[in-house]
Structures are given as C-alpha cells and as structure tokens.
Amino acid sequence: MLPVDISSHGYLVDRVIKIVLIGIVIIGIFSFSVLIYMLWAFRRTKNPNPLPDVPPLLKKVVLIDYAMIVFDILLLVISSYAWIFFFVRPADKIKQEIVRKGENYIDVKAIGRQYFWTFHYPGKDGKFGTSDDFKLGNLLVVPQNSNIFVEVESKDVLHSFFVPSARMKYDAIPGRKTRVWFKPVQVGEYEIVCAELCGAMHYNMKAILKVLPPQEYEDWLKNPLKIAKGQDLFDTLVRR
Amino acid sequence: MTEEHAHEQSFISKYVFSKDHKTIGKQYLITGIFMAIFGGVLAGLFRTNLASPGFLTHEQYNALVTYHGAIMFFWVAMPILLGGFGNILIPLMIGARDMAFPTLNMLSYWTFFVSTVVLILSMFVPGGGFSGGWTIYPPLSANPEVFMGSQLGTVLFLLAVALEFASMLMGGVNFITTIFVMRVKGLSFMKLPIFIWMELIASLLFLFSVTPLIAGAIMLLLDILLGTHFFRVEAQKVGDPVLWQHLFWFFGHPEVYVILFPALGILYEVFTTYSRRPVFSYKTVVYSTIVAGVLSFIVWAHHQFVAGINPISAMAFSLTTILISIPFSMQLVVLGLTIAGGSIRFTPAFIFGISAFAMFVIGGLTGLPLGAVAADIYFHDTYFVVAHFHYTVFTIAVLSTISGIYHWFPKMFGRKINETFGKIHAFLTLVFYNGFAFPAFFLGLAGHPRRYYTALELGYLRKYQWVHEFMTISAILLIATQIVFLFVFFYSIFAGKEEKEPNPWKSTTLEWLTPSPPPHLNWGSYVPVVENEPYEYAKNGRDFIPQGRLVEIKKKEV
Amino acid sequence: MSSSETRVEEIEHKEYYESFSVPFQRFGFWVFLSGEIIILGGLVAAAILFRLSYPNWFESSTYTNVIISSINTFVLLTGSLTAVLAHKNAVDGKWDKVQLFLGLTALAGLTFISIKFIEYSREIHHGFVPSKDVFWMFYYGITGIHGAHVLAGTFIILGVMLFLKKKKLVEAVENAGLYWHFVDIVWLYIFPLFYLT
Amino acid sequence: MQKQGHRHPPYVGIYFILLVLTAASILVSFVVHREAAPPFVFTLSTVKAALIALFYMHLKYEGRYVIALALIPLIVFAVVLFALMPDIIPYQKM
Chain A
29 MLPVDISSHG YLVDRVIKIV LIGIVIIGIF SFSVLIYMLW AFRRTKNPNP
79 LPDVPPLLKK VVLIDYAMIV FDILLLVISS YAWIFFFVRP ADKIKQEIVR
129 KGENYIDVKA IGRQYFWTFH YPGKDGKFGT SDDFKLGNLL VVPQNSNIFV
179 EVESKDVLHS FFVPSARMKY DAIPGRKTRV WFKPVQVGEY EIVCAELCGA
229 MHYNMKAILK VLPPQEYEDW LKNPLKIAKG QDLFDTLVRR
Chain B
197 MTEEHAHEQS FISKYVFSKD HKTIGKQYLI TGIFMAIFGG VLAGLFRTNL
247 ASPGFLTHEQ YNALVTYHGA IMFFWVAMPI LLGGFGNILI PLMIGARDMA
297 FPTLNMLSYW TFFVSTVVLI LSMFVPGGGF SGGWTIYPPL SANPEVFMGS
347 QLGTVLFLLA VALEFASMLM GGVNFITTIF VMRVKGLSFM KLPIFIWMEL
397 IASLLFLFSV TPLIAGAIML LLDILLGTHF FRVEAQKVGD PVLWQHLFWF
447 FGHPEVYVIL FPALGILYEV FTTYSRRPVF SYKTVVYSTI VAGVLSFIVW
497 AHHQFVAGIN PISAMAFSLT TILISIPFSM QLVVLGLTIA GGSIRFTPAF
547 IFGISAFAMF VIGGLTGLPL GAVAADIYFH DTYFVVAHFH YTVFTIAVLS
597 TISGIYHWFP KMFGRKINET FGKIHAFLTL VFYNGFAFPA FFLGLAGHPR
647 RYYTALELGY LRKYQWVHEF MTISAILLIA TQIVFLFVFF YSIFAGKEEK
697 EPNPWKSTTL EWLTPSPPPH LNWGSYVPVV ENEPYEYAKN GRDFIPQGRL
747 VEIKKKEV
Chain C
112 MSSSETRVEE IEHKEYYESF SVPFQRFGFW VFLSGEIIIL GGLVAAAILF
162 RLSYPNWFES STYTNVIISS INTFVLLTGS LTAVLAHKNA VDGKWDKVQL
212 FLGLTALAGL TFISIKFIEY SREIHHGFVP SKDVFWMFYY GITGIHGAHV
262 LAGTFIILGV MLFLKKKKLV EAVENAGLYW HFVDIVWLYI FPLFYLT
Chain D
58 MQKQGHRHPP YVGIYFILLV LTAASILVSF VVHREAAPPF VFTLSTVKAA
108 LIALFYMHLK YEGRYVIALA LIPLIVFAVV LFALMPDIIP YQKM
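Protein chains in written order, with the working numbering: chain A, 29 to 268; chain B, 197 to 754; chain C, 112 to 308; chain D, 58 to 151.
Looking at chain A on its own, in the form it has when it is part of the complex:
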C-alpha cells in the first residue's frame, strides 16, 4: 500500500514501518487466538462451573508482557536509529558535511499559504535575496541524486509539507523556519500535499515534485520560468 519511495532515506522509514506492522500483527494474532480459545473453552454450556484457579497453561500468557517489553525496546532502537540518522541532526549540520564531501546540493524555500505552496529558488548565485531569485507556484523541480534542503515556512496558518513518496513530512509554522533535507534518487513527478488542516480548501493544497535527471535540470535552470509557466498549476496563484 505504501507509495513508491524515491528518497535515499525512505527505506529506513519503510523498514521501521514494516517491522512494527509485522510485530503487531504477530502479537495481535496471538492475543486473538488466546481470546477466541478462552471464549470457546470456557463457555457456560461446556464449563458450567468456573474453575477455582486459572489453568496453568493460560497463566503463561503473562509472558506476553515480556514479549511486549522486548518488542518495545527493539522498536525504540530501530526507530531512534532512523530518527537520529536522518532527522535529529539539524539540516545545517548535514549541509556542512555535504559541502565538505563536495556533493551536490540545492537550497529551496517552501512557503505555504492558504492554499498553495511557493518554492523560492536562489538562482544562479545560490543566495536568497538577490535579483536572480525566482519562484515557482506549486511546482518544485529538483535534480536527481542531489541533496535538497527545503526551508519550510508558512505565511498564515499551519501547513504541513508532506511528500508521501519521499517519506518526508514537516509542519510549516508561521514565525518559524525549519530546514529539512532529502535526496531524491528516482526521476518522475510526485505529489506534495498539505497534512495539517489549514482551512476550507485544505484538500486542494497540492504541489508537484518534479525530479529531473541532472542534465535536464541544468537545462531547465537556464530558463526556469518559461517551462514552469507551461504548468496549469499556476491557476491557484493567479486566482489569489
């Protein structure tokens, strides 16, 4: 059921999800079998008088508590591992590392408003606030295999920057700027949605994440607005 995973870290999230789901299904099936067995074995027609004590075999069900503890610890470890690895470290630190290693990265600002996203690009000089900045409405174009730093911000109410395919979600909070990081590894068009109730058209606050091969991205960057305008996604922008 999970949508396709295009990010470099998504497999970790998926792994946590799979482990925990398998675990709870096993514990659940066990509990339900014990329960159904008890309902069947101790029904009044079969067992007219209650036993003076719980059957010893059933007393062992208490062990499920210990199983639960073990499972909890396992879950904590794997979940914390994924969290520490990709989310605890401030994106700034990841960025420093990436700069040191000389990997590709791009900076983008994602600004949420009722009910659209604008994505600000720093332009050729890589700095915000200069004249070659440009912005796109409801369209985020990024190169494949490059580190994307998205500074999530909101101008009015709470939004949430949710990219299901990239296993990435972060709330856009007015007054706070949060930088998140992900690295798309697969080319294609994916959806960005809003996951925090932001008003009447909450369900319609969607944008496109377009992952291009590096070369195509360079071409696009030469004249970004021209191509972007081809998208009818600008409708929402125009309306406001």
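A hint or two may mislead.
What the hints assert, rightly or not - To be clear about the criterion: a stretch of chain A counts as covered by chain B if any three or more of its residues have a C-beta under 8 Å from a C-beta of chain B, and this derived list gives those stretches:
1. 29-39
2. 43-50
3. 67-80
4. 90-97
5. 177-191
6. 199-209
Stated by the list, open to error - The following residues of chain C were derived to be distant from chain B, with all beta-carbon distances above 10 Å:
7. Ile159
8. Leu163
9. Glu170
10. Tyr174
11. Thr175
12. Ile178
13. Lys199
14. Val202
15. Asp203
16. Leu211
17. Ser225
18. Ser232
19. Glu234
20. Phe239
21. Leu269
22. Leu275
What the hints contain is simulated information worked out from the structure, not anything from laboratory work. Glycine included, every Cβ here is placed at the ideal spot set by N, Cα and C.
Given the coordinates of chain A, work out where chains B, C and D should sit on it, guided by the hints.
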C-alpha cells in the same frame, strides 16, 4: 422505599433540578446518548461527502469534522463515562448515600446542559460554526481574517468547551472527594471495585491536565477578542502557535485516558460478573493504572513529532510513549485472563465487553507505529491515525458504554432490556464498525492525509475511492443500528419487563445489594457493611460472595 | 445544601464511613484549589517562557508603576492576615470578631480592585494596550485573570459573612480564607514578574 | 470538625516578616543589576509563598493527602515549564 414519604418532592426538584446522584447520572447518560446520535449523524453526513464529493460545501465539511470530534470526546465519552456511570455508580459502589457535594453535582449537570446548548447554537450562527478541527490549532482558530468560519461561531465553540470543562471539573472535585472521604466502613482503598479506582484516577488526571489548557484557552480567547498575539504571528509580534499545541496535547493525551480508564473499569466489572471469575490480579491493575496515569503526563509531544519540536525531546517523548504501552499490555493481559477458567454467560453486556476488549487490543497495538518516531513521520496526520483513534476511542465511548448500559440497566431503571435484541445489536455493531474503521488503516498506509474533503484531487489516492465508499456505507449502517438501539433503550425504560431481583447477574459489588432502582439515599433504612474483597467469585466452592451485606440502622431524629 | 439530605450526612458521617483525616469540605476545596494552582501556574509558565526569550521585557516592565503595585501587595497581604485572624477567631468561637475580620478582608479585596482599575486606566491612557507587545499582553492577561480571582475571593468572603448569620461553620471561614491566601500567593509571583524585573 | 490539636502560629509576626521580605525584594530590584535581580527576587517570593502556604493555609498541620494536592500542581507546573523550554525559547529568540 421507606424513605419516600419523607422526601416528597415536586416534579421539578425530583427530575429536573435534582440533587440525587442517580437522577443526575441518568440526565448525563441520556444527554450523552442524544449527543452520540447527533455526533454520529454528523459523521454520516461528512462520510457521505467523502463517498460522493460535492454533497457538502468545504466549510460545512470542515465544520462537521470538527464538531464530530469535539462532540464525541467532550459531549459523549466524558458525560457518559464520568458524568453518567460515575455519578450513578460511585456512591452505590462505595456505599455512600449521595455525592459529597450534591448541589455542586446538580450545578455540574446544568452547566453541562448549557454547554450543550451553546455548542449546538454555535453550529448555526450566521457564517457557519467553528471549522478548525477539534484541536482548535491557532492561527487558524485565532485569526478571523484567515479563518473560514465566523468569529462568533469560534467564540461560542470555545465557550461551550470551556463550560463543559467547568462542568466536568465540578464533577471531578465531587468524585475525588466522595471516593476519598465517603467510603463505607470497611472499604479500604485496596478493596475498592476497580471501576472506582478507574474513576478516581481519571478524575485526578482530568483535574491536573485540563487546567493548563484552561490557561491556554484564556490566552486564545484574548487573541480572538482583544487582538493579542499569544498564538498569532504578525510582523514584529511574536506569538507561538506551537505553545498552544503543547498546552492542548498536555491535556489531550491524559484526556484519552480520562475516558479510557472508566471504560476499562466497566470491562472489569462486566468480565468478572459474566465469567464468574475474580480479576486475575487486582494489584497489577491498580498499580499499572497509576503508572499509566502518571506516564500519560509526559507523552504528549508524540502528537507533534513533525510539528517543529526539538528533535531530541521528540526522542524522549517517543521513549515515554513506547514505555506507556507496557502498563497497558499488563492491563489487557489481566483483563483477558479474567475470563480464563470461567463459566462465560454470553449476555449482551459481555458480548459488547469482549468486543470492546478485542477492538482495544487492535487500537492499542496500532498505537505503536505512531509512537515510534521514525514511523510517525509518515503516519502523522494520515488516516492511520484516524483508524487508530477510532479503534481506541470508539471502543471506549461506544462499545464499553453500551456494555455498561446493558449491565447496569436493571439497576438504573428497574427494568429489563431485551437480550435477543442486545445480541443482534452487538453483532451488527461489531461488523459495521470494523467495516468502516479497518479500511482506514490501509488508507493511512497509502498516505491519505486526514480531514480531506475528497481524495479525488490527488493522483496517488484516486484509486482508493471505492474504499471510502465502502467505509461510508458501513458507517451509515452503524449509525442506523445505534438509532434502533436508542428506540429500544427508551422503550425499555418505560415499558420494559420489571426487574424484581436486586441482583439479576449475581454480581458481588455493593450496588447490587440495594433494590432496583435504588431508593432515595440509596440504602433506605439500611447501611452496607463491607466484609470481603470486591471480586469473590468461584471461591470456597461458592459461586459468588457479595462484597458486603446490609445492616439495619436506627435512625436518629433530626 | 439546606435539605434534610445534608443533615443525614453530617450525623451519619462519622459512624458509617471510613475515617479520613480531613473534613470533606476542606478536602474538596483543596482539590479545587489544586486545579486553580495549575490554571494560574500555566499562565505564569507561559509568561516565564516568553520572559526568558523576549529581550524587551525589562524595557516594558519599567513602565509599570512599582509604587501602586507595592501598595496593592500590602493590601493583599493585609487581607491575608485578617482572613487568617478570622479563622483563628472562628476556631476559638468568637463569632463577632470573625465578622469584623472577614469584613476587613473583603474591604482589602475591594481596595485592591479599585487600585488595579486606576492603574489600568492610567496605562491605557498612555497607550499601553494589550496588543502593544508581548509584555503588555501577558501583563493584561495575567493581572486581569488574577483580578477576577480577587473579585471572586471578595464575593466568597462576603457570601460567607452573610452565610454566618445563619450557620456558624468554621469550614466556610477556613475555605474562604484558603482561597484568599491562594490568590495572594499568585500575586507574590506576579508582582516581581511584571513590576520588579 | 476542625482539628483543634495545633496551637495557632504567630500570625501577626509572620505578617511583619512578609512585609519586610516584600520591602527587601523591591529594594533588591532597584539595587541589583537587572540581569541578576530575578533570581533574588523570585527566591524571596518563594520564601513568602512558603510562609503563607505553611502557616496561613495550615499546610504545616495538614495530612499527606492535602499536601499531595498542593504539591502535584507544582510538579505539573515544573514539567510543563521544563519540557517546553527547548521548544519555545530558541524560536522566540530569532
């Protein structure tokens, strides 16, 4: 009934402004049941919209979602489980003649009633009711200019919630005092029925968790009315929306346990009675409930893992959240093993009880992926959350409640409720409920965010529209079943077969000693004396040993 | 609580219920106070969080009037003294003195509110409205809520004074006093938060 | 039903201590540097609050249940305050 002549009361003081805890409890119960149907119908309406978008406007959809959540928490689960069962059963189970503060109790109900009226009014003000989600997150709720509903609707909604909190606080003060001070002779704390323990801990949790939120609500109201910016952000003016989330969830998480504990308490009473076995381990239940209650105060930020909280504290909260599953797994094991070795009577109360237990196992287990911080990045605010809390809260607010109603109906009203109907009711409820709640897990896995007017706008969700349709049909059938139950319930109150036997289920706790319905001041010219543990079933070769017996008292002249 | 039910409770209480160290009126009142502490505590906690992070807090707090607020502190503390003396006399059974001291406490409450009113009007006159900045919104929010509590305390004390004409209950005097002391303690923290630092 | 066991503490004496402490805290706030003043002033406030709670509110003579009722809110207060610090303060300073 010997007291009746001494307390001739007018209709108004007997049934309307009554200070009798049983009448107040019934008032709470019936108001709660009506609100449940109301909230259910709201759910049916917005689910219809999900199946066929365009049925409602966007504002209406959001408002209905908001009111459904708020009603089910504050106007159904709390009044029924605390106000209703708590009021009726606490004095009866501890052998008291009434609550410690009967007048406060009456005020509590009427404040609640006013809050209900204000809430329903707020839905119909011009411009529409509040539609910012039951969590009332600012800035959406605090900025009239960005908010889609009307300011009046928002203020009335907040007022209604505030009145409801005030009412439940009055009730809580009453419960705590009554349980501490008015236990009958011989009823020490470790002999209290588990239901009483649960009500006590729930009241304490509510008292200590809701009060910071009241502080927050005052600030939010100032934001809306005076233009301050505690939670709003304007140029140069730094409010902090996240502060509200903290205050809200500091309340919000214990609140879930406030309604969960009494529901579990009902299940303990029901399981022991119908399986004829004592509680598997009384002390484990008491201590694990206390531990869970204390832990519930330090787990709240798991609702905000991706809401801009410090990632290190997110890990700490993930740890406590996962830890809290341990006392609950202990509870559920004890609860499940209570029926082991028993001789189970499949009455409607037991069927509802056991289905509540089974559903709660699902609800509890699916809490784990949400508590694990890495998985929550994906699941946060998706239908997985919706499914999870319907498996917990629906279980609490509906299945356990109905189980309790079937169990104590003879005691409350002195009449019987049809058993065959009860069994059909249980079966249909279970089927339709799973039909509507279980598919939501899969929608959540597919990444379907909550509170969406329709899924058709998103490419990756369009193919799941049939799931929504299926869920909607199940939900509507579920509500229809409950409406039928409502009719049977009222029919049985007025025209059910009379129950002459004070203890039809052969249960042990004190409330079954007095006639059904209990006379004024509960015990007439008798008083209960406690001699035994609360759950003495299958002991010394006897089927059951009541917790106490009634002894006659010589009444001093006043 | 005037019906015959209550009297039945009072007579039977000792004989039929488990013994408990605190009378139920006072216990119930403490449960209520316990909640009240967190309501005001929550507001103060929010104020402290913003105080620690908002650099201009001290600037703004110099505009509040230390003299007026010091007088108000004095008034509240005196009210506390008279409230506790009322309770002492009630325990000793000197009920006419109880009336006197309760009257003085209520007077202190009314004085406090009048002074607060003058203070507010001066500040609003000078343009310090609640929406001015972080300091002022907390100032009005918290002192406003506190003022409402003082008002409530005054009404409770006046109510107890009227009630005492019919029934001489030590618990009533004590609980009214407890509420007053609680409001006083809250002020002891508000005073430095908004006026001194 | 009032417990008659304890003697009355010296209420008037405590009142004068409270007044002196209040004067001291006002003095401190004017004399000490503004960044350094809050700890002193709030400590004095806490002393005063403790005096009132212990003697005027009779907590010194109460049983454990009432003392618990008075202390639990303070614990809740501390939990809220400290758990929120890492979240609220850094963002406000921006």
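Which of the numbered hints above does this structure break? none
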